[in-house]
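Novice: Sequence:
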Amino acid sequence: MQHLTLLTLSLTLIATICFAKSPYQSVLQHSRIRGRQHGPNVCAMQKIQGTDKKYFTNCKQWYHRKICGKPTVISYECCPGYEKLPGEKGCPAVNIYNTLGVVGAATTKMYSERAQLREEIEGPGSFTFFAPSNQAWAALPNEILDALVSNVNIELLNALHYHMVNRRLTSEDLKHGSAFPSMYQDFNLHIHHYPNGIVTVNCARLVKTDQHATNGIVHVVDRVITAVTNDVHTFIDTDDDLETLRNAVAAAGLTQMLESDGHYTVFAPTNEAFEKIPPEMLNRILGDPVALKDLLNYHILKNMQCAESITSGTPLETLQGTVLEVGCDGADMTLNGKAIIQKKDQLGTNGVVHYINELLIPDSAKTLLELAQGSAVTTATKLFVDAGLGSHLSGSEALTILTPQNEAFKEGVTMTGDLKKLLKNHILKEQLSSGSLYYGQELETLGGIKLRVFVYRNSLCIENSCIVAHDKIGRFGMCIPFCSSLLVGAIQTAGLTELMNQAGPHTVFAPTNDAFSALPKADLNKLMSKDIPGSRHSSFSQTKPIPLCHMCSITCMPYVVYAICSVCHMWCMPYVVYAICSVCHM
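Residues -20 to -1, 1 to 566, numbered by mature numbering (1 follows the signal peptide of the UniProt record, and there is no 0), are exactly what the sequence shown covers, in order.
If you are wondering where the hints come from, they were derived from the structure by calculation, not from laboratory data. In this text, all values refer to a predicted model and were calculated from it rather than measured experimentally. We put the beta carbon where it would ideally sit given N, CA and C, even for glycine. There's no promise every hint is true.
Claimed, not checked - Label pairs and their computed distance ranges (CB to CB):
#1 ASN146 <-> VAL270: 23 to 33 Å
#2 LYS324 <-> ASP126: 19 to 29 Å
#3 ILE54 <-> GLN5: 13 to 23 Å
#4 ASP241 <-> ASP126: 32 to 42 Å
Stated by the list, open to error - Lysine-lysine pairs mimicking DSSO-like chemistry, simulated, CA-CA at most 30 Å apart:
#5 LYS256 <-> LYS324
#6 LYS401 <-> LYS430
#7 LYS155 <-> LYS27
#8 LYS324 <-> LYS27
#9 LYS324 <-> LYS282
#10 LYS27 <-> LYS40
#11 LYS34 <-> LYS324
#12 LYS324 <-> LYS155
All chains, please: the whole structure from these sequences, using the hints.
Specialist: Structure below.
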């Protein structure tokens, strides 16, 4: 019985795997469900307003009614493989030549007759025709179209044969990363089937699939495709507009990789993109093989991504190890939210090249000073330079900079000797990630003092300041944004760090910095003073108090339970709670 059960489960699993729907079939099924009330084999389509682009619907797009941030309208038409004939329901199959006329590929039908292809696609056989739509032919530059039709018996026939495969291929057969020999000199057609259901051939999107004919299948595509014979490195090697990139690729030793088999996406910076970078920074990176390789790998995705496959912002991993957000804004393809792509979908045998007009510089190629030049720490960055510390932050020393956020500074900060010393104590003598820090660790600064690490349940602090953002790891050093915490400082001043790290039970009502700042300045100074009765620095330390009545502990309140919501002015002593707060519930 047990063996029978295992056999049944195995067969079920195999059947599930074998008959699992592809992403394309899933969105097609959803479109069928949405359109079935309009008749058999009717599908719902979403069209981007102001364009000719149509998409099958999925649940998210159906309810949001937006694609690439643009509103869509719903239309209903025959599902793939079916055509509406006058006076009839359903879509009876005809040969490929006649099918072209009813699926929006009448121009392809016309050129097929001119090129004497009609007899072949009307007769017996089994073909797959990736037929350019009428709009695809209209979008061709005049000089290219003229060259094709001026020699219909050779150029045009070869071009049409490149759109054909000598076998029947449904959308189910079009697997991601597959390639099929075309009927033009066996040059491959490159297929990509993306998780969002979009299918491309040579980066042309299939806009109408599985149009069944008596002698094959027609898939309508949104552009005229051309034969692919060169790898992605050849694009870089032969285009004068990519001369700087070509030299950089050679210097970084990436030529062989870009010539080898793969499915790369290369965002290729033009010469103009390199010229926008300050010369000192650019020369430093170009002269540093490690930084240069990181820079170039940051422009290469691990997988091939055609422009037509993007319908929303998607984080995609680069060869450098971090991610780029590849998205779209209407007709524009975007990188990290910016429309910087000049030329799209330059297809090679091992990937695709998109030309960009801005250089993307990863943190790993930056110096500490360049890392710190972020919007949240601009004040600290300027002060480091004014204090004469710029050479440490732009050199090759392995350092870690603790960068206070802008709000940590008052307006009109004046550089003084004391401030210079303070800033030197924000630079650690070694490169340390926040993940390597542990409780009680001592960190030596350029100023010669040692800072202590405090680890709390939800905070990682160095002295009285806590880390507030992820590490930024540079070429030689690391930048850690952090801010001062008044509560942490109060806990340390009162000698309660050890108690806070012991087993509870404790309840802490933790005032934010804003809550402390709302107190009158005199009260705040008194509260934070080391001379407050009950602190470890006072003569009352033997009473083991808790400095803030925001901290509830069984050692402090054996008989009383309370809760408060703002900074309290008084101290909590054993067996008695003195709380003067805006809201206190005793």
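Novice: For the pair we were handed, LYS324 and LYS27, check the Cα-Cα distance against 30 Å.
Specialist: Holds: LYS324 and LYS27 sit about 22 Å apart, inside 30 Å.
Novice: Are the Cα positions of LYS34 and LYS324 separated by 30 Å at most?
Specialist: holds, 20 Å
Novice: Keeping to a limit of 30 Å between CA atoms, is the pair of LYS324 and LYS282 held or broken?
Specialist: It holds: about 17 Å lies between the C-alpha atoms, which stays within 30 Å.
Novice: Are the Cα positions of LYS27 and LYS40 separated by 30 Å at most?
Specialist: holds, 15 Å
Novice: Going straight from one Cα to the other, do LYS256 and LYS324 come out at no more than 30 Å?
Specialist: Given pair LYS256, LYS324 holds - Cα atoms ~21 Å apart, limit 30 Å.
Novice: Against the range 13 to 23 Å, how does the distance between the Cβ atoms of ILE54 and GLN5 compare: consistent or not?
Specialist: holds, 21 Å
Novice: Could you tell me whether the CB distance from ASN146 to VAL270 stays inside 23 to 33 Å?
Specialist: violated, 49 Å
Novice: So if I understand the rule, the pair passes when the alpha-carbon distance is 30 Å or less; does LYS155 with LYS27 pass?
Specialist: Within the cut-off at roughly 26 Å; holds.
Novice: Per the hint of 19 to 29 Å, is the separation of the Cβ atoms of LYS324 and ASP126 within bounds?
Specialist: This hint holds: roughly 24 Å between Cβ atoms.
Novice: Against the range 32 to 42 Å, how does the distance between the Cβ atoms of ASP241 and ASP126 compare: consistent or not?
Specialist: holds, 36 Å
Novice: Within a Cα-Cα threshold of 30 Å, do LYS324 and LYS155 meet the stated pairing?
Specialist: holds, 23 Å
Novice: Sort out whether LYS430 lies within 30 Å of LYS401, counting only the CA atoms.
Specialist: Status holds; Cα separation ~13 Å.
Checked against the numbered hints given earlier, this structure breaks only hint 1.
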